[in-house]
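*Asks:* Listed below, chain by chain, are the residues.
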Amino acid sequence: MNTKELTIGFVGNPNCGKTTLFNAYTGANLKVANWPGVTVEKKEGAMRLHNEAYRLVDLPGTYSLTSYTMEETVTRQYILSDDVDVIVDVADASALERNLYLTLQLIELGKPVVLALNMMDIVQERGMEIDLHRLPEMLGIPCVPVSARRKTGLEILIHTVAHHQDKAQGEKIIHHHDTENSSHKDAQEHHKHYAMVYTDEIEDKIDEISERLKQEYSGMDNVRWHAIKILENDQELKKQYPLDFSDLLDRDYEKEIIDQKFGFIEEIIAECVANREKKAESTDHTDRILTHPILGLPVFLLIMAGVFFLTFTVGDWLKGYFEVALEWMTEAVIAGLLAAGTSDMLISLITDGIIAGVGGILTFLPNIFILFLALAFLEDSGYMARVAYVMDGIMGRIGLSGRAFLPMLLGFGCTVPAVMASRVLENRRDRMKTILITPFMSCSARLPIYVLFSELFFGDMAMVAAFSMYVLGLVTAIAAAYVLKLTDKSGDGNMLLIELPEYKTPNAHTIRVYVWEKVKDYLSKAGTTIFVASLVMWLVMNLGVHGFTTDMEQSFGAMIGKVLVPVFAPVGLGYWQIILALISGIAAKEVVVSSCSVLFGIGNVTTEAGMGNLSALLESMGFGALNAYALMVFCLLYVPCMAAVATIRRETGSWKWTAAMAVFQLLTAWTMSFLVFQLGSAVF
Amino acid sequence: MEYGCFGVAKTAGILYNATDNYYQLHYIYVDKNSSMIRRETMKLYEGQKGSTLKVVHMELPLQTERRLEVLGMLEGTKITVVNRKKRGAMIVKIRGTRFAMGQSITERVEVEEV
Numbered sequence: 001m002n003t004k005e006l007t008i009g010f011v012g013n014p015n016c017g018k019t020t021l022f023n024a025y026t027g028a029n030l031k032v033a034n035w036p037g038v039t040v041e042k043k044e045g046a047m048r049l050h051n052e053a054y055r056l057v058d059l060p061g062t063y064s065l066t067s068y069t070m071e072e073t074v075t076r077q078y079i080l081s082d083d084v085d086v087i088v089d090v091a092d093a094s095a096l097e098r099n100l101y102l103t104l105q106l107i108e109l110g111k112p113v114v115l116a117l118n119m120m121d122i123v124q125e126r127g128m129e130i131d132l133h134r135l136p137e138m139l140g141i142p143c144v145p146v147s148a149r150r151k152t153g154l155e156i157l158i159h160t161v162a163h164h165q166d167k168a169q170g171e172k173i174i175h176h177h178d179t180e181n182s183s184h185k186d187a188q189e190h191h192k193h194y195a196m197v198y199t200d201e202i203e204d205k206i207d208e209i210s211e212r213l214k215q216e217y218s219g220m221d222n223v224r225w226h227a228i229k230i231l232e233n234d235q236e237l238k239k240q241y242p243l244d245f246s247d248l249l250d251r252d253y254e255k256e257i258i259d260q261k262f263g264f265i266e267e268i269i270a271e272c273v274a275n276r277e278k279k280a281e282s283t284d285h286t287d288r289i290l291t292h293p294i295l296g297l298p299v300f301l302l303i304m305a306g307v308f309f310l311t312f313t314v315g316d317w318l319k320g321y322f323e324v325a326l327e328w329m330t331e332a333v334i335a336g337l338l339a340a341g342t343s344d345m346l347i348s349l350i351t352d353g354i355i356a357g358v359g360g361i362l363t364f365l366p367n368i369f370i371l372f373l374a375l376a377f378l379e380d381s382g383y384m385a386r387v388a389y390v391m392d393g394i395m396g397r398i399g400l401s402g403r404a405f406l407p408m409l410l411g412f413g414c415t416v417p418a419v420m421a422s423r424v425l426e427n428r429r430d431r432m433k434t435i436l437i438t439p440f441m442s443c444s445a446r447l448p449i450y451v452l453f454s455e456l457f458f459g460d461m462a463m464v465a466a467f468s469m470y471v472l473g474l475v476t477a478i479a480a481a482y483v484l485k486l487t488d489k490s491g492d493g494n495m496l497l498i499e500l501p502e503y504k505t506p507n508a509h510t511i512r513v514y515v516w517e518k519v520k521d522y523l524s525k526a527g528t529t530i531f532v533a534s535l536v537m538w539l540v541m542n543l544g545v546h547g548f549t550t551d552m553e554q555s556f557g558a559m560i561g562k563v564l565v566p567v568f569a570p571v572g573l574g575y576w577q578i579i580l581a582l583i584s585g586i587a588a589k590e591v592v593v594s595s596c597s598v599l600f601g602i603g604n605v606t607t608e609a610g611m612g613n614l615s616a617l618l619e620s621m622g623f624g625a626l627n628a629y630a631l632m633v634f635c636l637l638y639v640p641c642m643a644a645v646a647t648i649r650r651e652t653g654s655w656k657w658t659a660a661m662a663v664f665q666l667l668t669a670w671t672m673s674f675l676v677f678q679l680g681s682a683v684f
Numbered sequence: 001m002e003y004g005c006f007g008v009a010k011t012a013g014i015l016y017n018a019t020d021n022y023y024q025l026h027y028i029y030v031d032k033n034s035s036m037i038r039r040e041t042m043k044l045y046e047g048q049k050g051s052t053l054k055v056v057h058m059e060l061p062l063q064t065e066r067r068l069e070v071l072g073m074l075e076g077t078k079i080t081v082v083n084r085k086k087r088g089a090m091i092v093k094i095r096g097t098r099f100a101m102g103q104s105i106t107e108r109v110e111v112e113e114v
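Heads up: the sequence lines are chains A and B, in that order.
Numbered according to our numbering, the first sequence spans residues 1 to 684.
Numbered according to our numbering, the second sequence spans residues 1 to 114.
To be clear, the hints were calculated from the coordinates, so they are not data collected in a lab.
The structure displayed is predicted, hence computed values, not measured ones.
Where a beta carbon is used, it is the ideal one built from N, C-alpha and C, also for glycine.
Misleading hints may appear alongside valid ones.
Covered stretches of chain A (in silico footprint by chain B; criterion: 3 or more residues with CB under 8 Å from a CB of chain B, positions within the stretch not fixed) [stated by the list, open to error]:
1) 97-105
2) 238-244
3) 379-392
4) 503-516
With a Cα cut of at most 20 Å, we get these calculated DMTMM-like pairs of lysine to aspartate or glutamate [stated by the list, open to error]:
5) Lys255/A with Glu216/A
6) Lys261/A with Glu75/B
7) Lys255/A with Glu75/B
Chain A with its partners taken away, still in its complex shape (with noise of 0.2 Å):
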């Protein structure tokens, strides 16, 4: 038995599966997007097949092996390192001809590799044929099928990559470019050995390279890959090898050799593939309707008010059903603690403290669940692709790019993932400037506070009162970006160039996967962030200078509030536990909510008679609709929770920035409040 543990790298086209595969073997629930570029740090997993031990690693997606991008280099590096023994090239079946591209490029690495062809069902799905006799011919290596959403071939593929370790490969059966026509020394000798085979012109220039290189650098790895790269005026190889090819390259050979790459893949396709256009017909179908220069916009809207009638009624019909448990419990355990003779303090900091927090807050699972669901639903489609191009001409006239619309989008789910999801666009310009504008889009954890506030004072109006928060969020975001866009001098424009999956039905399991996960972030979240806020909330309110305190007028909390009311007045927010709640939820927007329980001392605050005592306590204070509404546009824009925060200073990397950003988005929150409140109080 083999003791030392065999390293596989996987890599593969942004989109292809390649995580998904990845997860089906380690076990790990990570998200699969349509969307290139997900994968950017190194993913390692470990597992065992009869008695074998294997290390995965997930390397980033990527189009090619030159040394453009970071992706790029770091793939490549590690792919040329001892580390890895065999080269897992993920390929989406379905798009094999953009996918073949890579793996010429591997095979020319020189390393063991074993082409995984991902999405095999989507295939059979299409109506296509891939022929799996001739392709390893064509290429020389091993091709497995598989799919990782349906999990079939897994086994069969890493035994391919047991059997697959050493570096010479099988004698390819290649009678491609026209061997014939060849008057190349070499001819015969290239086509055994290489997949590849370029002009006649191209490698003599190649083994030109190659004698040189082999005089100057006799241990030297893979001659003809690193002459390749040099024919191709890589830089990095030519920093490393620093010798003087300049008689040799005499024009730009790199479009040549990519030219021929695919030449040599249309080739492969035309021989390996049948009844390819068949199903692409039904997604140009689609297209056609969805991508319409007129009604893709229309459509798109219709979509987005679809989901959220899904996550306000159908969730809040649910909700009902969290609530009565929640009441139901919170009864249960005061009666449980007064039989058992617990102390007031305790039972207030149980009841009032974390029941009435942390319960609080897993009321609004059902709404948070149901968003999510529809958003894997049209990411999983390939639909969410598409809505960059349909919105490219609105986000372009207000100086962003089409894709800044995904985290955008995103940012209605959740700040955190939405400001990760900015890494999607190209320059750093458009990453700052959709990050500074995402944390406007109204995040889901915002909605407790809409739907806890515009139900207690809107009535009928309610969903429309809750409604115009996320409209007024998306339209002070395009008009910070349209202020961005006049104050930028550069003036390129954006240049949209994303990928468009064909639509497919959304498969159950990546929705499961995928919608877990946000749930599982908002309970976690609700379990820690949430837990501890709501204690040191109960600790600020029953806590003052006399110690434990049953009222609130003497606690910490009410000190801190009512420093900062005048701040607070000219916008209608001039009351001390409203500050105060405003203060917590930085910690999470939805503790604004629980916050609100535990400072007006309501426990069952989502319920209609907590409602209507909530309400009745705040009509006393002069809290009125309007106050409520400049309460719910503060939520809206002021600083987003703590774990936003971190992640925006991950993503640009500046806490400088980051404070500035805060800033900004407290003076916004502050004015626009202000608009609101003292404009109505005119009118109303």
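Once you have looked at the hints, place chain B on chain A.
*Replies:* Just chain B now, with coordinates in the frame of chain A:
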């Protein structure tokens, strides 16, 4: 072929650009003696929905051009216009894969009809 009002004809022709060493598709306006009086280049964004066009030349920032290259769009590549918007954003099919491209790209790619 359209005729202008003064006996001027608009037609398409491929002209060789000697300075930059490439061929361009142009709309050429010729008078009745067949001498050229004006020419225009055809850009990708002018391509009609459903048409198949061949890339003649790309005038893009290096980074964008690189990305297009590794996606298989080079000079000489045939692309099909699947869908287009008024301002020039397009969905095109390159070697079997669909891509959405903004106007800023499509207006800088010169093409010829196949």
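*Asks:* Each hint: holds or not?
*Replies:* A quick look at each hint next to the structure:
Three residues within the 8 Å Cβ limit are the bar, and the stretch 97-105 of chain A against chain B gives 3, so the coverage statement holds. Three residues within the 8 Å Cβ limit are the bar, and the stretch 238-244 of chain A against chain B gives 0, so the coverage statement is violated. With 5 residues having a Cβ less than 8 Å from any Cβ of chain B, the stretch 379-392 of chain A passes the three-residue criterion, so the hint holds. Figure legend: the stretch 503-516 of chain A, annotated as covered by chain B; annotation inconsistent (0 residues with Cβ-Cβ distances under 8 Å, at least 3 required).
A C-alpha spacing of about 27 Å is found between lysine 255/A and glutamate 216/A, which places the hinted pair above 20 Å, so the restraint is violated. At most 20 Å may separate the alpha-carbon atoms for a hinted pair to count; lysine 261/A and glutamate 75/B meet this at roughly 14 Å. The straight-line distance between the Cα atoms of lysine 255/A and glutamate 75/B is roughly 9 Å, inside the 20 Å bound, and the hint therefore holds.
Of the numbered hints stated above, those contradicted by the structure are hints 2, 4 and 5, listed in ascending order.
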